[in-house]
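Residues per chain, in single letters:
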Amino acid sequence: MPTVSVDRDALLGSLGKEFSEQKFDELCFSFGLEIDDVVVENEGGKEVVQYKVEVAANRYDLLCFEGIRRALLIYLGKLDIPRYTSLKPSETLRLIVKPTIKEVRPFAVAAVLRGIRFTKPIYDSFIDLQDKLHHNIGRKRSLVAIGTHDLDTIQGPFIYEGRKPQDIKFRPLNQTKEFTAVELMELYSTDSHLKPYLPIIRDKLVYPLITDRNGVVLSMPPIINGEHSKISLNTKNIFIESTATSLHRAKIVLDTIVTMFSEHCQQIEAVEVEYDQGEVVLYPELKYWTMEVSVKDACRDIGISISREEMRTLLQRMCIPSTISSDPDKIMVEIPPTRHDILHAQDVYEDVAIAYGYNNVKPTFPSASTIGQQFPLNKLSDQLRHHVAQAGFTEAATFVLCSRDDMGEKLRKTDKEPNLVHVSNPKTLEFQVCRNLLLPGLLKTLAANKKMPLPLQLFEVADIVVKEPKQDVGARNERHLCAVNYNKTPGFEVIHGLLDRVMQLLEIPWEGHGLPSGSGYHIRGAEHASFLPGRCAEIVARGKVVGHLGVLHPDVILAFELHLPCAALEINIEPFL
Amino acid sequence: MAADLSEHLLHYLDEHESFNSLNLAEELGEDHQRIVGAIKSLQSLGNVIEAEQESGKQWELTEEGKEVVEHGSHEARVFHAIPPQGIPQQKLLKEVPNSKIGFSKAMSLGWVKLEKGGGESMVVRKTESIVDDVAEALRNVLNLQVDAVSNQQKQELKKRKLLQEVVVKMYQVKKGQDFTCTVRKQETELTAEMISSGSWKTLNLKPYNFNALGAPLTKGHLHPLMKVRAEFRQIFLEMGFTEMPTNNYVESSFWNFDTLFQPQQHPSRDAQDTFFVSDPEEAGEIPEEYMERVKTVHSHGAYGSLGYQCPWSEGEARKNVLRTHTTAVSARMLYALAKNVRTPSILGCSTNLPCICF
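Protein sequence lines, in the order shown, are assigned to chains A and B. Just so it is clear: in the first sequence, position 303 is 303 by full-length UniProt numbering, and no numbers are missing. Just so it is clear: in the second sequence, position 123 is 123 by full-length UniProt numbering, and no numbers are missing.
It should be emphasised that the hints constitute simulated quantities derived from the structure, not laboratory data. Hints should not be assumed to be uniformly reliable.
[As the list claims (entries may be wrong)] Coverage of chain B stretches by chain A, computed from C-beta distances (three or more under 8 Å per stretch; other residues unrestricted):
| hint | region |
| --- | --- |
| 1 | 122-132 |
| 2 | 231-239 |
| 3 | 247-253 |
| 4 | 271-280 |
| 5 | 288-300 |
| 6 | 309-321 |
Yeah, the Cβ is synthetic: ideal placement off N, Cα and C, and Gly gets one too.
Could you build the full structure based on these sequences and the hints that come with them?
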């Protein structure tokens, strides 16, 4: 969620005298903004309070002070929704896009802000907005980059092309001499601010470049602008260019900049962009489009009941003007170029709800009557959990991700191809694979609780993950029950007793004496790497092996940083559904 | 013996109505502490006696005093150490412990005298025999015959640090409410024999101490997070929801993101915000026709939406991730339900713990 720094006094002052800090807080909350932080700075002896306001990531119109103030004033009904237009002057500037750039960064848009009045705060805000757009919708300049230039220092038409790095030479921003593009790559490789953007074009055959009719370099997007055309507080006319790999996003970026700062200048002027096929497009687009919205549907989806007029008033407050249609249920909303976040009628409904106030919507029960149903595996798991706890074991909840060793070496398992799901970008070694056993998690829990009184009896009923080619994603979960007994003596009989109890609850009879094998359960001695030889058994229920129990091998005990004997049990409970 | 003593005390009380523990100890020739012990055990029987604590003073021997009783006073030892012919003073001082004190005392008592002559001082007896008063006095105190020693003597011995006065807690004891002459032992618990024999009827039970905790029980526990989860499940079930199967942690990006209209360039699909699975890396089966529709909505828009106006990659959708939300399951469920459209009056919910636990 992006945060925008706004000067408190400037903002509250614009909103009106009645806005105390607390009222402002409430206003923000109902509108959908959040004050993340308050920073007090000392600027030239005066105390300046900055609010860090958090805005939704898809609200490009709220990424600067001007946008927030405007939106809030309209929300309060103190300002009319402005209409944004661009003027096509008799002598329109042209930006020519050469085919040489097509493979690298094909799209460009441009516009002019004529007669801008900069003060320091406005200037800062202008720079800041570009940064925010670069970071968010521009995806760190990789999708969109912006360059703003003092129009009075350059002359159109402008050329946007791809040029070989060694053929690019200019004086970049804040430098005193000229550099070739190759040298710049070198120079900025140690600049923490610009270094992240170098890979976007570094290995390309040609680099993007914008020049004016006299060969003055405006910028080498997305890295750096030229020093020649840089804007200052004295700049009166601004040429904005934006290059991109996504035309759609570039248009949004351009629209956002011009609409936000139109209040500080006399006029938004259009610029022609010419592509190689001779097609000429006028920018900024500043498109207004209409959508038909059903009042009934909006009310139903939100859960309120309001009239068509009320809805229009609410939408007006959200910068969405509307007209009535002949159908009494419908209104025609007009989406302005500041609201590129609106994609569907649902987005309009959302704005109705925000203006109505989420807290004013009454919670209700669904009118449809249904009968609840448990997922059978969860029902079984919960039943088992209760009974195992009643038997005196304490439940643990351990991590699903663990290290490869936890599932292999530490358990004395030496499978060359273990059935494990691997994570490709683990944060640390501790989270390399998904567990395919619950046991290591419980052993780690024991190790963290060595100070507790003995015996330590833990259990867990949870999922493990294994690869499964038959599943559409290639893996599946399996619900296991695992229990450990950690004491001065291993307590095989305790764990065995638990197994017997669980089987009794599952109504699986013991095949000990006489009962034909295949209908109940029995345990038989088995060798398993993690257990002490002769002290391990596999559990066979209804003819299939469902798990193991036994005394853990001392190597395993030591590997998990434990030092007392431990008996463990782990079974798959899914066959018992 | 202790029981006897207690009974003895009861009998004494019966005759005398009350007594002071210290005095009684002296009278009976018993160690005071034993009397106190007996009083305490009588107290535990209930209201048999009433005992009030008081402070009093008592004469007691110091360590040194005890030593004197055993070996005799320092001066007496000096005296007895002198052979008939006398003994050089130096030798005396060396051989006899505490001889300095003893010597000066013996001198003042007139038991010995110093004879100087021939270079060496000799100590000789002056009288034939002596009576070791000091030792005797101390012995009297030890045997609780304190009054046999005069006050003056006591003070003197106190000065010599052979005797000391100590503050002693003593008890003033008198008959209690339930006074009886016999000591009856209290039973701690009701037993099976008492019930069958009927002896419980005349039972005198030791009172319980209700001011202490009971015995800790051996018990198992459910995990607090699981308990919370169980509560949520309960609430949803009671409202009529059907629980969805969420037992698959590995999910394709398709179901986890794309079907939920999460754009493919969204930061939450970055390597640092989602766990990608390297093995198995890609999902195999994805419903073809549905995928086409999802692709259209993302890239060009459909069903009333403008879409993201961005190319949509199937390869990106096939990438497996560790599920980031159970809404992915909701997506699968809705798709399955939509295929069997009758009257979908089903409320679906999932209360699985998120699989990415940090």
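The hints, checked one at a time:
no., hint, result
1, 122-132, "violated (count 0)"
2, 231-239, "holds (count 5)"
3, 247-253, "holds (count 6)"
4, 271-280, "holds (count 8)"
5, 288-300, "violated (count 0)"
6, 309-321, "holds (count 3)"
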